[in-house]
Amino acid sequence: MKVRFLGESDPLMLMHGKVYDVTAVENGWYRIVDEDSEENPYEDIPSGYLYPPELFEIVEE
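Residues in the sequence shown are numbered from 1 upward in steps of one, following the working numbering.
By construction, these hints were calculated from the structure, which means they are not laboratory data.
Cβ coordinates follow ideal geometry from the N, Cα and C atoms, glycine included.
Check each hint, because a few of them may be wrong.
With beta-carbon atoms standing in for the labels, derived distance ranges [as the list claims (entries may be wrong)]:
no., residue 1, residue 2, range
1, Glu60, Glu26, 18 to 24 angstroms
2, Glu61, Leu12, 25 to 31 angstroms
3, His16, Leu50, 16 to 22 angstroms
4, Glu57, Asp10, 14 to 20 angstroms
5, Pro11, Glu61, 25 to 31 angstroms
6, Glu8, Leu50, 15 to 21 angstroms
Whenever a hint applies, use it, and build me the whole structure from the sequences.
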């Protein structure tokens with residue numbers, strides 16, 4: 001799923017209006033690899049951070 005961030009920009013986290021890939025949905029929150037995180041080479045540790053869905057609009061299911 002792809003979502004657009006609707007909150008205020010933070011260069012270390014998320015940028016307003018940017019489209020991000022949701023890598024997982026966990027307990028209703030979106031796991032997103034943001035501006036500060038990197039892809040994790042270890043399969044058992046998920047990459048990215050969890051964000052509440054109300055900060056985003058879905059642009060592609």
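Outcome of the hint check:
1. Between Glu60 and Glu26 the beta carbon distance is about 19 angstroms. The supplied range of 18 to 24 angstroms therefore holds.
2. Checking the proposed 25 to 31 angstroms range against Glu61 and Leu12 shows it holds: the Cβ atoms sit about 29 angstroms from each other.
3. Range check, His16 to Leu50: about 19 angstroms between beta-carbon atoms, so the 16 to 22 angstroms window is met.
4. Remark: the range hint 14 to 20 angstroms for Glu57 to Asp10 is upheld by a beta-carbon distance near 18 angstroms.
5. Between Pro11 and Glu61 the C-beta distance comes to about 29 angstroms, which sits within the given range of 25 to 31 angstroms.
6. Checking the proposed 15 to 21 angstroms range against Glu8 and Leu50 shows it holds: the Cβ atoms sit about 19 angstroms from each other.
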